[in-house]
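**Student:** With the working numbering, the residue at position 81 of the sequence shown is 81, and numbering never jumps.
A hint or two may mislead.
[What the hints assert, rightly or not] Below, computed lysine-lysine pairings styled on BS3-like, alpha-carbon distance capped at 30 Å:
id, residue 1, residue 2
1, K108, K56
2, K162, K219
3, K162, K235
4, K108, K52
5, K229, K178
6, K108, K178
7, K235, K178
8, K219, K235
9, K106, K52
Don't read these hints as lab results, they were simulated from the structure.
For clarity, every value in this text was computed on a predicted model and none was experimentally measured.
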Amino acid sequence: MIPREHGAWGILTFSIALGTGAAPHIGLPLLFFVVAAFALFFARYPLTLLVKGSSKSRILFWEAAYLVAALLALLPLVLVYHLWWLVAFGIVFLLYLASYLYVSVKRKQRTEWGEMVGISGLAMAAPAAFYVSSGVWQMDALYLWLLGFLYHASSVFYVPLKVRHRTLPQLDLSSGRKWQLGRSLLFYLAVLGAIVLSLTLKDQVPSLALVAYLPLVVKSIQGVFYPSKIASVQKLGWTEVAHGLAFTGLMVAAYHITT
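Full structure from sequences and hints, please.
**Tutor:** What follows is the structure, given as C-alpha cells:
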C-alpha cells in the first residue's frame with residue numbers, strides 16, 4: 001500500500017535532499033533516517049483510512065509494517081548515534097500528523113490551508129535530515145524548514161491557476177481578468193519575498209538564497225500575465241518536479257558558496 005500523492009513524494013524527497021545538501025557532511029545515520037522518513041510517509045496513508053473508519057485487515061497490516069520499519073530505523077539513530085533531538089522532532093511530527101488527520105477526516109485536505117498543513121509536515125524532513133547528517137543541532141536548521149515550506153507552498157496557488165487556464169475556452173484575457181485569476185499567487189510571492197529578504201538581511205540564511213526563488217518568480221509571473229494551456233496535468237506535475245529540483249540545487253549551492 002503506497003501513497004499515490006505524487007506531489008507529496010516530491011516535497012519529501014526534495015526536503016531530505018535540501019537538509020542533506022546543506023549539511024557539512026553526511027554519514028551512515030542518513031541512511032537510517034531516509035528509511036524512517038519514507039516509512040512514516042507511507043504509514044500516513046493507511047492511518048488516514050483507519051481514522052476515516054476503515055478496518056480492513058490489509059490496511060492494518062501495512063500500517064503496522066510501516067510503523068515497525070520506521071521504529072527499527074529510528075532506534076539506532078537515538079540509541080547508537082545519540083541523536084536525541086529526534087525525540088523533539090517526533091513530538092512535533094505527532095502534532096503535525098494530528099492536524100493532517102483532522103483536515104483529512106473533515107475532507108479539507110484539498111483546500112489551501114489543508115494542503116499547507118500537509119506541506120508543512122513534509123518540509124520538516126529538511127531540518128531533520130540536516131541534524132542527522134551533521135550530528136549537531138543548530139537552530140539555523142529550522143530556517144531550512146521555512147525556506148522549503150515557502151517554496152513548496154507556492155504550488156497551492158500556482159497549480160490551480162494553471163488548471164484553471166486549461167478549462168478556459170480562450171486565453172486572450174483582459175488585464176483585470178488576469179489579475180483576478182492570479183492575485184492570490186502574486187500576493188503569496190510578495191509575502192515570500194518579504195520573508196526571505198528579511199532573513200537574508202539579518203544573515204539568518206545565505207544571501208544567495210534569494211537566487212533559488214528566481215525560477216519560481218519567473219514561472220509565476222509568466223503564468224499570471226502570459227497564460228498558456230498545459231498539455232496535461234501530468235506534464236504540469238513533471239514541470240513542477242523540474243522546478244523543485246532546480247530550487248533544491250540552487251539553495252544547496254547557496255549554503256555551500258557562503259560557507
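**Student:** State for each hint whether it applies.
**Tutor:** Evaluation of the provided hints:
1. K108 with K56: holds, 24 Å
2. K162 with K219: holds, 11 Å
3. K162 with K235: Distance ~11 Å between K162 and K235 Cα, so the pair holds.
4. K108 with K52: holds, 13 Å
5. K229 with K178: Since the Cα atoms of K229 and K178 sit roughly 14 Å apart, the hinted pair holds (cutoff 30 Å).
6. K108 with K178: The given pair, whose Cα atoms are some 27 Å apart, holds under the 30 Å limit.
7. K235 with K178: The hint holds at about 23 Å.
8. K219 with K235: Given pair K219, K235 holds - Cα atoms ~15 Å apart, limit 30 Å.
9. K106 with K52: holds, 9 Å
Checked against the numbered hints given earlier, this structure breaks none of them.
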